[in-house]
Each structure stands twice: as C-alpha cells, then as structure tokens.
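Chains A and B, in that order, are what the protein sequence lines are. Residues in the first sequence are numbered consecutively from 45, following the numbering used here. Residues in the second sequence are numbered consecutively from 45, following the numbering used here.
Hints are not guaranteed to be accurate.
Since the list gives no way to pick one copy over another, a pair counts as held whenever it fits inside one copy or between any two copies.
[What the hints assert, rightly or not] Straight-line distance between alpha carbons at most 16 Å, and here's what the computed EDC-like set of lysine to aspartate or glutamate pairs gives:
1) K68 <-> D135
2) K221 <-> D296
3) K224 <-> E323
4) K198 <-> E323
5) K120 <-> D150
6) K293 <-> D251
7) K308 <-> D150
Honestly, the hints are just simulated from the structure, not real lab data.
There are 2 protein chains.
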Amino acid sequence: MKIKIANHSGFCYGVKRAIDLAVKNSSDETTYSYGDIIHNKDEINRLKSYNIEPVYDIEDIDRDAKVVIRSHGEPKSTYDRLQAQNVNIVDATCPYVKRIHSLIEDYSTNGYTVFLIGNKNHPEVTASMGWAKGDIFVFGDPKEIEGFEKKIDKILVLAQTTIKESLWDSCAQIINKKYKNVVFINTICSATSLRQNSTRELAAAVDAMLIIGGKKSSNTKKLYEISYSVNKNTFFYENKDEIIVQKFKIYDIIGISAGASTPKWVVDELVEKLLNESEE
Amino acid sequence: MKIKIANHSGFCYGVKRAIDLAVKNSSDETTYSYGDIIHNKDEINRLKSYNIEPVYDIEDIDRDAKVVIRSHGEPKSTYDRLQAQNVNIVDATCPYVKRIHSLIEDYSTNGYTVFLIGNKNHPEVTASMGWAKGDIFVFGDPKEIEGFEKKIDKILVLAQTTIKESLWDSCAQIINKKYKNVVFINTICSATSLRQNSTRELAAAVDAMLIIGGKKSSNTKKLYEISYSVNKNTFFYENKDEIIVQKFKIYDIIGISAGASTPKWVVDELVEKLLNESEE
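Bound conformation, chain A alone (with noise of 0.2 Å):
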C-alpha cells in the first residue's frame, strides 16, 4: 500500500504555531488561553494534560498566571489590560495577522484611514480594528463601499486573511473608482486554498482518498466535496478507531487529507494503522 499525504492538509501555521507555544510554555500551574485556541475536543483534551485551560474573561486570570494569545490575534487593548493584571503575555498571533496589526498601526500613524475587507463580526477582525490610530472601517460588501460617502485624503486597504480573493477583488474595484490615494495590500492567507487545491490534485492521483476530521466542521466537509467530485472513491473519517483497514487493501494509492482543525497526530495514528494492518 501507499499513502500519499497532501501537501496543505491540517493545522494551518498560525494554529500550530500557537498550540506549539502553549505547550512549550505550559507547566504545573495553569496555562491559560484566552479564547479557544482550536476547535476540536480530542486536541482541547490533550492540552488539559498540559493543564491549558480556556478562559474568556480577563478577570478570570490569577496574577502572575501565563495567558496565551491564540492565533486570531487580540486589539491592543486587551494587552493593556493583560499587563496591568501583571499576567504573562504569551503572544502566539499568526504571524500574519500580526503583519496586519503592524501595517494598521503604522500607516494610521501616517495619516492613512484604514479599510478592512472583512467580517466585523470576526474576532480576527475586531482584534485588527483595535490597532488603528485613526479612523478604521469594515466593509463586508463591495455594496458597502458604493453606500459610503465619506471623503478621504489616503487610504490603506487590507483583508481579513480568510477573506476569499473574489470579495477582495469586487471591493478593490470599487474603492479604485471613488478614491485617488491609496494602498493596497493583499492580505489574504492562502492557507484554505492551498488545503483546497492540494486535496483536489492529490485526489485525481490516487486510487482512494480519505478526508480526515470532524463530522461538523465545514472547512473538511468542503474537502470531501472537493475530493468527491475528482474521485468517488473518497471517504469521511473522524480519526482511526472509524477506518476498517480491510476495505482498502484493494487500493495501491491512498490519498490522505485533513481539515483546517485536525491534529496531525490524529492523521498519524490514522496512516500507522492503515500500513500495519494492510500488511497482514
């Protein structure tokens, strides 16, 4: 048998990096994340036995307790509030969200009014707004920016990273034809496309494929439907203990893909029992 494993499958880099810095700093005290750091209860479990904890009020956090900063980043703020409850900050911002907060502060400082595609309502996004200098607005819609008739010297225009490029696309067009000054920079991650395009190559190269994750998330709900449509021999699994190895020994490639929350070692477990029963 042969697993092929696709390329962007899994934990995109932010979330891993910031489950990596949890555990590195997690110890005999608790750890606290402010917010969930994932959305999946075997990886929530597993950090429990590195006694990270979820908590969602700031209030809630002893003195001198380590809080971890989860990848969606936090407004500056909420830092201020951190240090004068004298917590330690452990800052595990996805770096490129951090590159956000960066550009807004910096070019706000420079006179820039910011424009952010995006969700107001994301907590990536509420956490950039609160980076501004000056004024900052969110526009979830090209609509929006048609309806909005403020007049503005400079503008800089970011995305919310999981923005798709076809929002950024229809909402650059229009703020080109109302305004004269402005940067533009692209901020979207391609970490969802990427996961996309991968399960959907890998998929037509294989004589199976399996999506691993959970049975409610939408972004590997989304993988099957990709996988599906190139190859009909694509299965939905949650983790190991769901596979019956049997079924696939008439396979000579397997393609592996995992959702957006899946931990690696669950697609690990998945694939050692996949090559050790196969060989029987």
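With the hints as your guide, set chain B onto chain A.
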C-alpha cells in the same frame, strides 16, 4: 495614484522569521549567524548595526556567544558541536524545514528508509540528511531512481522545500512502480510559486508594474519576466534611488512585487517616495 502590493512578495516566511529572531536576540556583544542569513547586501549591512555577523567555522565562535541557525537548517551534528563549544543556539530553522527534520527522525527511527527528492549539494538537503537514524538517499532526477537497485521494505518520500512540483511528480511515479510500501509526504513549500502567481495576477490588473530586487537575483529576474509577459509597462528597480516618480504619474494603478531577498523596508521606502512625490 493607487498602489497595489502583491500578496506574496519579498522574503518568504522562514527568512523573515530568521532575521527577526536574530535581531530579537542581538545585543552589544556579537551575535553570530552560522552561514549567511540572507543574500542581500543592504540587509546584511543593516544587521551589522545590530552586531549580527556571519561566521563560517564553528571554531571561530566564542564560548557563551549566541549563534543563529539560519532558515536552511543544520544537521543534528552541528547542534552537538555547538553545544560542545558551550554556545547559545538561537534556532531559526524554517518551520517547514524543521518539519522535514522531524519526519526524517521519526520515520527512520521506526525502520523506514528515507528518499529525499532534491539537490544533494543544497545546504537545506545536507542539513536534512543529518537527521536520519537509518538510511537516507537523495535523488535529483527520476533517472537516478530508475537506476537504483536496492531492495527496501518501507520507504518515506519527502521533498526539498524548493523543488518544482513536476520533479516531485516524476520521481513519485517511478517510486510507485518500483516499491510496495511507501508513504509520500510532499514537503514542497509554496512560497516561490505563490510569489510568481501573485505577481502574474497583479501585473494583469494594473497599469504599470514595479519589480523590486537585486539586479543579480535570479528569482527577481524571473518575476520581471513573468510580469513583462502580461504587462509591457513592467520596470525593474533595486531600490528607491533608481526610480523617477515623474515617469509614473501617467499611470492610475501601479502594482509592486519584490524578490525573495528584498527586505520589506526597501519596498516601503519606494512606496513612500512614489506617494509623496506623485502628490507634488
């Protein structure tokens, strides 16, 4: 004037992180980088102002000094030698390369022979080879695999991060034919193809395109060619000193992309000059 900066432009994540780590760990004492941290003379000069100096022989590093392992990574033996010398290691190995080291160490410990597709003289590959606990073979061409006659039980196949997908595919095809139990993990990093694709897309959407980077940088030259193929108003500059803004006032939207060794501040200075002088 509107300026659009390509999404994937300039330093890859691993190089940016290595430089940030070096600066963060710099002090009044010399901080060494073991080998060149970046191939860009302006940036090397900037790092000298932080007392960051390259060193090419471990013997030349003072006891108790800090040494940065650059993004390419190092074999395990280098860590052992540095520790024996009582040197403080700042490990700036690119996380994508570090993943290759872990995979090689884990799978070779579990009885797998490792096939690494890449160039056996590239520093990333020589570093990766030094993490195997058993046999590791490097192949730079599918023909080398055709001619390889060793009988092997279980194989892990990985890629140097910077090879082309077409090389991976052609090697994987031969390995598929010759061997039975194989795990393929495509570890190609997408930084180069993303940079080229986003330059191509941006060039097609703007009135003129500026490519920023060293005149001798082959990856920057490649960006220039790609951009020019879709937009004849493509210009190549090393830095802000070379650009005459007057010439660009006829364009409404200007796109910017930068080579892999071009620091962000070189791009920022050029953008500032464009915006300031175009308003005059």
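Copy assignment of K198 with E323, given that the CA separation must stay at most 16 Å: Classified as between; 11 Å across copies, 65 Å inside a copy.
Copy assignment of K308 with D150, given that the CA separation must stay at most 16 Å: Between copies only: 13 Å across, 37 Å inside.
Give the relationship of K221 and D296 under a CA distance limit of 16 Å: within one copy only, between copies only, both, or neither. between (55 Å within a copy, 10 Å between copies)
Are the CA atoms of K224 and E323 at most 16 Å apart within a copy, between copies, both, or neither? between (66 Å within a copy, 10 Å between copies)
Is it within, between, both or neither when you check K293 against D251 at 16 Å Cα-Cα? within (11 Å within a copy, 56 Å between copies)
Measure nothing new, just compare the shortest in-copy and cross-copy C-alpha distances for K68 and D135 to 16 Å and report within, between, both or neither. both (12 Å within a copy, 15 Å between copies)
My question is about K120 and D150: at a cut-off of 16 Å on alpha-carbon distance, are they close within one copy, between copies, both, or neither? within (14 Å within a copy, 40 Å between copies)
When the structure is compared with the earlier hints, no violation turns up for any of them.
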